[in-house]
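Taking the hints into account, I'd like the entire structure generated from these sequences.
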Amino acid sequence: MRSQRQRLAYILLAPLALFIGALTLYPTAVTTVEAFFREYSLVNNHNFVGLKNFHDAFSTPAIRQSFVNTGIYVLSGTVLSVVLGIAFALLLRQRSRWRAPLLALVVLPWALPPVVEALLWSRIYDPTFGPLNGVLKSIGLISHNQVWLGSNRWEALVLIELVQVWQTTPLCVLLILAALQLIPSELYEAGAVDGASAWHGFRYITLPLLRPGITIAMVAAITASLNIFDQPYILTGDASASASVGVQTYLVSFQNLNFGEGYALSLIMTLATAAISLLVLRLVYRRVEF
Numbered sequence: 000m001r002s003q004r005q006r007l008a009y010i011l012l013a014p015l016a017l018f019i020g021a022l023t024l025y026p027t028a029v030t031t032v033e034a035f036f037r038e039y040s041l042v043n044n045h046n047f048v049g050l051k052n053f054h055d056a057f058s059t060p061a062i063r064q065s066f067v068n069t070g071i072y073v074l075s076g077t078v079l080s081v082v083l084g085i086a087f088a089l090l091l092r093q094r095s096r097w098r099a100p101l102l103a104l105v106v107l108p109w110a111l112p113p114v115v116e117a118l119l120w121s122r123i124y125d126p127t128f129g130p131l132n133g134v135l136k137s138i139g140l141i142s143h144n145q146v147w148l149g150s151n152r153w154e155a156l157v158l159i160e161l162v163q164v165w166q167t168t169p170l171c172v173l174l175i176l177a178a179l180q181l182i183p184s185e186l187y188e189a190g191a192v193d194g195a196s197a198w199h200g201f202r203y204i205t206l207p208l209l210r211p212g213i214t215i216a217m218v219a220a221i222t223a224s225l226n227i228f229d230q231p232y233i234l235t236g237d238a239s240a241s242a243s244v245g246v247q248t249y250l251v252s253f254q255n256l257n258f259g260e261g262y263a264l265s266l267i268m269t270l271a272t273a274a275i276s277l278l279v280l281r282l283v284y285r286r287v288e289f
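For the sequence shown, numbering that gives the first Met the number 0 assigns the number 0 to the initial residue and increments by one for each residue that follows.
There could be a bad hint or two in this list.
[As the list claims (entries may be wrong)] Distance ranges between label pairs, derived from CB positions:
#, residue 1, residue 2, range
1, 127, 240, 16 to 26 Å
2, 109, 11, 26 to 36 Å
3, 137, 98, 49 to 59 Å
4, 3, 237, 56 to 66 Å
5, 203, 237, 46 to 56 Å
6, 20, 187, 34 to 44 Å
7, 200, 146, 45 to 55 Å
8, 11, 154, 50 to 60 Å
9, 94, 194, 17 to 27 Å
10, 127, 189, 54 to 64 Å
11, 150, 59, 14 to 24 Å
The set of hints was computed from the structure by calculation and includes no laboratory data. All C-beta atoms, glycine included, are put in the ideal place defined by N, C-alpha and C.
See the structure below:
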């Protein structure tokens, strides 16, 4: 009976799985072919060019810089989003009358379109009318208006990453909070009987049993950071000092009309996303049973 139910479940899931697979595999296949066969030309020329597009892409200093920037976005964004996600999830786990309003407030940044968020933060960072300068001047941290997204590369990277973390953290909160709800309260009661403190309960009960939720949150944060586009493009335009690979792919493809290099960069990011996600799943994920 159980095998029949499993067979029925696979049959029902097969059409959706095939549809999603086609949506994923077809663009990947086209990107792979075009990356090795399309030259820097508006003519539909499909002569095999090998690794030329990849070589040309990495010969460009701005593109090399964008990979460094994207790596910074991924490392800092993943760590901050997951750590804040754990903290907010633990806070929202407590039952109180403020839980629902706080949860709605936390989720709000994730519900907004990335373009809207970037435009909102561009107003906050505005050197003339932005509230950030006003708040910092009122508490005495600065004496005059600052140009936050100017020529300072590291300052721009930090401010862009702040927007990215503001958007990604709510999803991490939801994923980790869902994992928290699955941990039986009896485990904490047994720990309290044995004299375990709140810290020991978190370290030896909560954290190990949260590994599946933390893993999925890490994959979500890594994917979002690898594909970051709206925030750097809207906040700093095509400035290469803070541009991500996504921004450079857009500039190469649609401003320079070099679609071969654009396909090559897209293929690199697709493979990087898949490889890093699988690596995280392999190293961090651990199935738990209660």
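Now the hints, each set against the structure:
no.: 1; hint: 127 / 240: 16 to 26 Å; in the structure: holds, 22 Å
no.: 2; hint: 109 / 11: 26 to 36 Å; in the structure: holds, 30 Å
no.: 3; hint: 137 / 98: 49 to 59 Å; in the structure: violated, 32 Å
no.: 4; hint: 3 / 237: 56 to 66 Å; in the structure: holds, 58 Å
no.: 5; hint: 203 / 237: 46 to 56 Å; in the structure: holds, 50 Å
no.: 6; hint: 20 / 187: 34 to 44 Å; in the structure: holds, 42 Å
no.: 7; hint: 200 / 146: 45 to 55 Å; in the structure: holds, 47 Å
no.: 8; hint: 11 / 154: 50 to 60 Å; in the structure: holds, 52 Å
no.: 9; hint: 94 / 194: 17 to 27 Å; in the structure: holds, 25 Å
no.: 10; hint: 127 / 189: 54 to 64 Å; in the structure: holds, 59 Å
no.: 11; hint: 150 / 59: 14 to 24 Å; in the structure: holds, 21 Å
When each numbered hint is compared with the structure, a violation occurs for hint 3 only.
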